[in-house]
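Participant: Chain A is fixed; fit chain B onto it per the hints.
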Amino acid sequence: MTLQDIITSLSLEVVTPELDLKREVTGGYVSDLLSDVIGNSYEGNVWITLQIHLNIVAVAALKGLSGIILVNNRRPDAETLKKASAENIPVMTSTLPTFELVGRLYALGLRCR
Amino acid sequence: MPEIEEGIFFLTGKDFTNAGAASSSLKAVLERIGIPKDIIRRTAIAAFEAEMNTIIYAVAGMLKYRITDSEIVVTIQDMGPGIPDIDLALTEGYSTAPDYIRAMGFGSGMGLPNIKKNSDRLTVNSIVGEGTTVEFMIKLKDEAQ
Numbered sequence: 000m001t002l003q004d005i006i007t008s009l010s011l012e013v014v015t016p017e018l019d020l021k022r023e024v025t026g027g028y029v030s031d032l033l034s035d036v037i038g039n040s041y042e043g044n045v046w047i048t049l050q051i052h053l054n055i056v057a058v059a060a061l062k063g064l065s066g067i068i069l070v071n072n073r074r075p076d077a078e079t080l081k082k083a084s085a086e087n088i089p090v091m092t093s094t095l096p097t098f099e100l101v102g103r104l105y106a107l108g109l110r111c112r
Numbered sequence: 000m001p002e003i004e005e006g007i008f009f010l011t012g013k014d015f016t017n018a019g020a021a022s023s024s025l026k027a028v029l030e031r032i033g034i035p036k037d038i039i040r041r042t043a044i045a046a047f048e049a050e051m052n053t054i055i056y057a058v059a060g061m062l063k064y065r066i067t068d069s070e071i072v073v074t075i076q077d078m079g080p081g082i083p084d085i086d087l088a089l090t091e092g093y094s095t096a097p098d099y100i101r102a103m104g105f106g107s108g109m110g111l112p113n114i115k116k117n118s119d120r121l122t123v124n125s126i127v128g129e130g131t132t133v134e135f136m137i138k139l140k141d142e143a144q
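Chains A and B supply the protein sequences, listed in that same order. For the first sequence, position 89 matches number 88 in numbering that gives the first Met the number 0, and the numbering has no gaps at all. For the second sequence, position 89 matches number 88 in numbering that gives the first Met the number 0, and the numbering has no gaps at all.
The shape of chain A in the complex, shown without the other chains (with noise of 0.2 Å):
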């Protein structure tokens, strides 16, 4: 499944458009806590947060995500935008609250692995 397959299928505002959307996205982990997401996430995994500072940006390049979703409608501030497009690591923003969001990701075959 690629980032681009689950933008289209969940509806998600990509705010760092100019990113290529086509890559694999090998499961999913959600956490608040950037320790626990550098510690027990994968490569190629998608990141659901509602941190919106730039550090986020730092983990998900240091652990090769595929990419961030925000939930309920979060929106990052533009050094975290920057600072994601310096660091090829997408961002997407969704309207929905994070349970809701990961049990659409789940039925859409995303596991944490």
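Check before you lean on any hint, since a few could be wrong.
Unchecked claim - Below are the BS3-like pairs computed for lysine-lysine, each with C-alpha atoms no more than 25 Å apart in a straight line:
#, chain 1, residue 1, chain 2, residue 2
1, B, Lys36, B, Lys140
2, B, Lys115, B, Lys63
3, A, Lys81, B, Lys13
4, B, Lys36, A, Lys21
5, B, Lys63, B, Lys116
6, B, Lys140, B, Lys116
Quick caveat, the hints were computed from the structure, so don't treat them as lab data.
Facilitator: For chain B alone, kept in the frame of chain A given last:
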């Protein structure tokens, strides 16, 4: 690969804008000299956690690395408050981070445990009121293999 590769990066406390830059640069060095991917991953994770500890708690610090044929040694030395009880600080879930740091998703008490998990040796030396030195080593050659 050259016999020894070493370098140093400087860290500034509370500089969240550049947080992660040193470990990201170290990761680029490891990629350039052809270190195996899994070792790069472990080194980058441990370095990032140590770097963040300096950014969160200290006034300033530095990250030094030394890569030989057999190992990667990363030393992060800070001018910070120091750690009164190192064993407690190494306990997963223990944190002294203030609320605004926790609100950013840091300070979950997983930093030092993450470093320990991803390295082959971790030493933490600290003097309260002066600073902390965290050093971790990751083997490049495993005798068991």
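Participant: With reference to the structure, classify each hint as holding or not holding.
Facilitator: Right, here's what the structure says about each hint:
| no. | hint | verdict |
| --- | --- | --- |
| 1 | B:Lys36 / B:Lys140 | 14 Å, holds |
| 2 | B:Lys115 / B:Lys63 | 18 Å, holds |
| 3 | A:Lys81 / B:Lys13 | 20 Å, holds |
| 4 | B:Lys36 / A:Lys21 | 23 Å, holds |
| 5 | B:Lys63 / B:Lys116 | 20 Å, holds |
| 6 | B:Lys140 / B:Lys116 | 18 Å, holds |
Violated hints for the displayed structure: none, as all numbered hints are satisfied.
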